[in-house]
Amino acid sequence: MASRFPATFRQLGVATRALAVFTIGLGVIYPLAMTGAAQALFNDNANGSIVQVHGKDVASDLIGQAYTKQAVKDGKPEVDADGAPVMVADPLWFQTRPSAVDYDAMGSAASQYGPNNADLLAAVQERRKAVADLEGVDPSQVPPDAVTASGSGLDPQISPAYAALQVSRVARERGLEVTMVKQLVKDNTQGRTFGFLGEPRVNVVTLNDDLAALK
Amino acid sequence: MSDTAAGLLQIGLLVALLAAVYRPLGGYMARVYTSEKDTRVERGTYRLLGVDSKADQTWAVYARSIIAFSAVSMILLYLLQRLQSHLPLSLGLPNVEQGLAFNTAASFVANTNWQSYSPEQTMGHLVQFAGLAVQNFLSAAVGITVAIALIRGFSRSKTDRLGNFWVDLTRSVVRILLPIAVVGGLVLVAMGVVQNLSGGHEVATVVGQSQTLPGGPVASQEVIKELGTNGGGFYNANSAHPFENPNGLSNLFEIFLMLVIPVALTRTFGLMVKDKRQGYAILGVMATLWTAFTFAATLFEVNGAGTATRAAGAAMEGKETRFGEWASALFTTTTTGTSTGAVNAAHDSYTPLGGGTALFHMMLGEVTPGGVGAGLYGMLVLAVLAVFVAGLMVGRTPEYLKKKITAREMKLVSLYILTTPSLILIGSAVAMGLETARASIFNTGSPHGFSEVLYAFTSAGNNNGSAFGGLSANVPFYNTALGLVMLLSRFLPIVLVLALAGSFARQQPVPVNEGTLPTHKALFVTMLVGVVVIVTGLTYFPALTLGPLAEGL
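The listed protein sequences derive, respectively, from chains A and B.
Per my numbering: the first sequence = residues 1 to 215.
Per my numbering: the second sequence = residues 1001 to 1553.
These are calculated hints, taken from the structure and not from any lab test.
You can trust all of the hints, since none of them are fake.
Heads up, simulated SDA-like pairs for lysine to any residue below, C-alpha to C-alpha not over 25 Å straight-line: (1) A:76 - B:1208; (2) A:69 - B:1212; (3) A:69 - A:214; (4) B:1402 - B:1284; (5) A:186 - B:1191.
Whole structure, please, built from the sequences with the hints as guidance.
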């Protein structure tokens, strides 16, 4: 037994030196070298695929945003019980999906509601009615992505069906030709990579940035 | 193209990619662990470490080396978090609180990457890249070394030496994990994953609001998170976050990275025991189960059960538009079958049986194909059990790979098989018995609440790390209980496997005769599939009936 203790200490010494060596190699040199290489080779991607409108950074084309405005009640900006502004969809813009974090990009999260959760059921029904009212369509026409929150809370994309539902409203609110808005939607639609990877989708962020750039 | 056709093609491409690298990578890894030569970098490393690369260790010294290395790793990771505010690149974040720092240190050293915290609001860049990501490499390498030691137990005879842990560790990092990570990380950046040191970039949106976009050295961590079957997200949303996983292509690439080493290691095994068919048989068992779980999960998600799911029209709560149901279900099956625990969708919001499939997949013991190294040694232990069961049926002394399975080996196998389920079931029972622990449940008033707790302990006990994220786990009870479960369920089995390897290595090989059970044929593959499902099924069936089955049937 007596001889075991020095053996254990010996392994602890080796372990400490090994951890130091690997921390320098894998924890300092590796990430910094990768950052340097990524910045040199794929600068735009490495920095978050930033989109500009009129020369100003307005978004990342990968991160969703809220296209909302403060609600007005009795001629005054509406606030909730805590004094926080009540936000509603801004009809001038295409709408992204519901988000568990209101598109706060520093706090990505999903709702974590279970499939039979009563609160989720109520939220889905409420969203379905709100979307149907905004677009002036029958509630049965509202697609699933319009009434569900995404996994990240930052989903920049919606289904082509939900985009199509919003075209006539956006055209009307902006006084644009429907065909023109349809074309913009088409420009911002991505199919599946190689025809089978991922899902067909419309990037609302770049679509709205295109709308903003028109002005 | 229909969703089904696209989904099937996606699975087809994944299988084709894995098949293409199976032989080259499996063969390369076999050479890595049998080569007598050290590279210059390695010789330098051994000099710094003060180890003799030619001095093989007994199983006990090999085990002590792993424990010592993991212990100092845990201490450093704990200290980095506790001292965060004094370190550079902390982004102004405070020191991490004790219970959470313990849980996180245990989690990353045990290759689990359970996260009780939201990274954006808890961990600065330095803790992520100099602490957490380092363990993503090292804990993965430890898993591989144990698998290699067990293989040597079969391939060597009449020796008490299993190899040198420090050599196996260094080679795993220098020759396998790091080169793939460098290439894979840059591929991810090319696909859109971010890689910078920014603390946040503020933009003014077109509607006049402000949004701060997070930064970080994400790609360099993302790649090893998947490759090392770790799973800890740089961001809270993990691989659902567009900066971690921007499109369908990156999604498939990340799934590929999770599977590539565990799958190719079966080839390495076959080569090292000098019978490639044994490797194919083990791979056959893994692939059969993985395929069954993939189609089950997809079917349940596409079917879209649940009152809220039906009201929405599809199981899209917690899923990203770019992935939809098929690519989410494929990711989920892979992450729960490889002990990775990365998620590209919220498992808590899956349909009752879809989420239940993820839970049951972890309960198989992470062997389909399992974590890097851990999946292989886990499956080999089950293979020993299957041979033993077959031996009982015909009344012969069982043998596997020409090694006798005696009472000593079976004791070790039994202890291995009992460790994880005991920790999971006792942990879940204790949690459900404590009011403070029940208070963390988010989806209350239905069997789903129990599923959240069972999922947490199953994830910790199998070193997976994914979660039914509704559970508020950042409280003293779960931080402590899950931290202990992760450590015990990682390191007790490792010691048992090394003891088993030592025991096999000492034996003289027995000659094959007509009474030997062939362990490379379809009959044995079927038997082993049966053993995996029956052993785990019987263990967990009562618990599953109280959770996902009660909710879904």
